[in-house]
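Everything in the sequence shown is counted per the working numbering, starting at 1 for the first residue and increasing by one.
Heads up, some of the hints might be wrong.
What the hints assert, rightly or not - Capping the alpha-carbon separation at 20 angstroms, the derived lysine to any residue pairs in SDA-like fashion look like this: (1) K503 with R269; (2) K503 with D275; (3) K503 with D305; (4) K503 with R426; (5) K503 with E394; (6) K507 with D271; (7) K507 with G544; (8) K503 with D521; (9) K507 with G469; (10) K507 with G268; (11) K507 with P429; (12) K503 with S302; (13) K507 with D275; (14) K503 with G268; (15) K507 with S427; (16) K503 with Y227; (17) K507 with R482; (18) K507 with G523; (19) K503 with D270; (20) K503 with A518; (21) K503 with V267; (22) K507 with E431; (23) K503 with V516; (24) K503 with L287.
Said to hold, decoys possible - Here are the simulated distance ranges between beta carbons: (25) L341 with T285: 53 to 63 angstroms; (26) G544 with S479: 16 to 26 angstroms; (27) D196 with L512: 50 to 60 angstroms.
It should be emphasised that the hints constitute simulated quantities derived from the structure, not laboratory data.
The C-beta atom is built at its ideal place from N, Cα and C for all residues, glycine as well.
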Amino acid sequence: MFDGLPLPAESMDQLYVGPAIGEIDGWNLASVFEEFRRILRQDGLIRIAAWDLDAALAARERGDRSFFWEQDCTIERAFEAQILGYGSARSLFNAARVTEHLQQAGFTSITERSPHQTDDPTGRLAEPDSLGDYCCFVEARNPSGWPLASDRQDPSGVHLTLADRHGRRLNVVWSAPARTEWSLRCRPESTTEWVDYPVRSWPTSDGPNGNHVFSGRTPELESGRRYDYEIVQAGPDPQPVSGSFAAPPQPGSATVRLAFLADTGLVGRDDGLSDGTLAVLGEVTRLEPDLILGGGDYAYRSSDDRRLTPQQAVNSWLDQMSPVLSRIPFVAQYGNHEVELGERYRDWSTHFPEIDPVIDDSPPSVSCRSYSIDIGPCHVVAFYAPTAAIDPAEVSWLWNDLAAARSAGARWVIVFQHQPLVAHGRSHPAEKSVDHALAQVLEANGVDLHLSAHDQNYERTYPVRWRDGAPEAMTTEQSIYRRGQGTVLAKISPAGKRSDRGKDFSKLPDRLDPVVAAASDSGHHFGCITASGNELVIEARRLGRGGSQTETIDRVVIRR
Numbered sequence: 001m002f003d004g005l006p007l008p009a010e011s012m013d014q015l016y017v018g019p020a021i022g023e024i025d026g027w028n029l030a031s032v033f034e035e036f037r038r039i040l041r042q043d044g045l046i047r048i049a050a051w052d053l054d055a056a057l058a059a060r061e062r063g064d065r066s067f068f069w070e071q072d073c074t075i076e077r078a079f080e081a082q083i084l085g086y087g088s089a090r091s092l093f094n095a096a097r098v099t100e101h102l103q104q105a106g107f108t109s110i111t112e113r114s115p116h117q118t119d120d121p122t123g124r125l126a127e128p129d130s131l132g133d134y135c136c137f138v139e140a141r142n143p144s145g146w147p148l149a150s151d152r153q154d155p156s157g158v159h160l161t162l163a164d165r166h167g168r169r170l171n172v173v174w175s176a177p178a179r180t181e182w183s184l185r186c187r188p189e190s191t192t193e194w195v196d197y198p199v200r201s202w203p204t205s206d207g208p209n210g211n212h213v214f215s216g217r218t219p220e221l222e223s224g225r226r227y228d229y230e231i232v233q234a235g236p237d238p239q240p241v242s243g244s245f246a247a248p249p250q251p252g253s254a255t256v257r258l259a260f261l262a263d264t265g266l267v268g269r270d271d272g273l274s275d276g277t278l279a280v281l282g283e284v285t286r287l288e289p290d291l292i293l294g295g296g297d298y299a300y301r302s303s304d305d306r307r308l309t310p311q312q313a314v315n316s317w318l319d320q321m322s323p324v325l326s327r328i329p330f331v332a333q334y335g336n337h338e339v340e341l342g343e344r345y346r347d348w349s350t351h352f353p354e355i356d357p358v359i360d361d362s363p364p365s366v367s368c369r370s371y372s373i374d375i376g377p378c379h380v381v382a383f384y385a386p387t388a389a390i391d392p393a394e395v396s397w398l399w400n401d402l403a404a405a406r407s408a409g410a411r412w413v414i415v416f417q418h419q420p421l422v423a424h425g426r427s428h429p430a431e432k433s434v435d436h437a438l439a440q441v442l443e444a445n446g447v448d449l450h451l452s453a454h455d456q457n458y459e460r461t462y463p464v465r466w467r468d469g470a471p472e473a474m475t476t477e478q479s480i481y482r483r484g485q486g487t488v489l490a491k492i493s494p495a496g497k498r499s500d501r502g503k504d505f506s507k508l509p510d511r512l513d514p515v516v517a518a519a520s521d522s523g524h525h526f527g528c529i530t531a532s533g534n535e536l537v538i539e540a541r542r543l544g545r546g547g548s549q550t551e552t553i554d555r556v557v558i559r560r
């Protein structure tokens, strides 16, 4: 798309590109050059203006301004454009940079030409000879038509999300270049007939020239049955990407098994803090839960020395999680690292079309970013609390949602969020403002289990109610409770990444608050919740030594 005009593939013989391309964000340039190649016919010519800002700055210092051929083209404007494009006063958009991008995009016959040698038919790019010291043109040719086998890209970051509140349909979601076309096909396992389903797409936060998110919606699923799916790129010789899943238990089903994980980090950090991520993912896969609940703080871009852009961090996280999330649906909620610290809500929400996609930084139409699902015998709320400053609109929505769930006869009610209500670790102790905002809602609506993360250790309370703003244990029984005694609070973290503060797990004090029934600050943790008609079982699992297996460090049962 050029100036808002979409151009078909192989529609042009020649392209002339002016210096304005230097204002494009550096991480979008690769997509722009791919687009240049897409719209050129075989053996088509591209000519791109490039100039050397270093040479121009030197000329300015010696008082030579003859090379500024337009009144409004000043060194100040050029300087500003380069800073906006590259974050540096030293321009990289010279002939060498242009040549590098052309090579990466697959162009051949790359040649550098002086400005007066151009044969631009419009005359607009044929600049006077005085520009020769600072400006040049780089020409290249498109060696073959579109698409090429080398241009085909497998979909990345494939993952499953719920397409409705009851798990009757799933979204199969992936990322791919914007110019590509895809379809989704699905069939029940052990059958032979594929059925195609439409795919929609939208830009990531990198904008229209970056990768797009593609999402295909499955047909209505039969609870518990396994299905195969294939993601197929349009064009000759399609090479499908295959996957399979088990349909989630629908409301009223006898049992459901959930996993909860948060604070994962990206594998391969220079500081080595994400030393448990892959082992946790392997253990979760082995357990085969029906759904995975995500408690936030996924990529930790701000403390990762690899200097990833926000979307690169999201894409890297999805790639690392895809072996699991392409098989087990993920119910996402967000932490402080997804909404601040160098990341934005939109960077993540575009990849998780829960019910409907949220593709900008404004709240969805229901005026909040929380949502709920009914799965098996459980009503599960993904509550938006990335920081201690919880929006009153979220609390109001939560009250109404929980009241409706109880009126509808939900057997078990689970709320999960990022910010903990009880946390005593040195890294991130709980903030009282979170308690005050939610306590009344949870207690009044009989929430059975509250899950959280953020503080990198494990803590689980007795069933609690709040008195004068503080939680109070309703029993000191260690592991078996009756529904209605109070809300069990479980902070389960980290699922792979140690705390940036102290470069370790968040250490607990020697003496814990009396409401805490179990705790651990010596390993990576994730939660496994099994709900049936009469029991809700919560297990905390911790990686053992060497990270090869997990051990159950806490198990609690709530009975009706």
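Check your understanding: Okay, which hints does this one fail, numbers in order?
Key -> Hints 5, 9, 10, 16, 17, 20, 23, 24 and 25 are the ones this structure does not satisfy, whereas the remaining hints hold.
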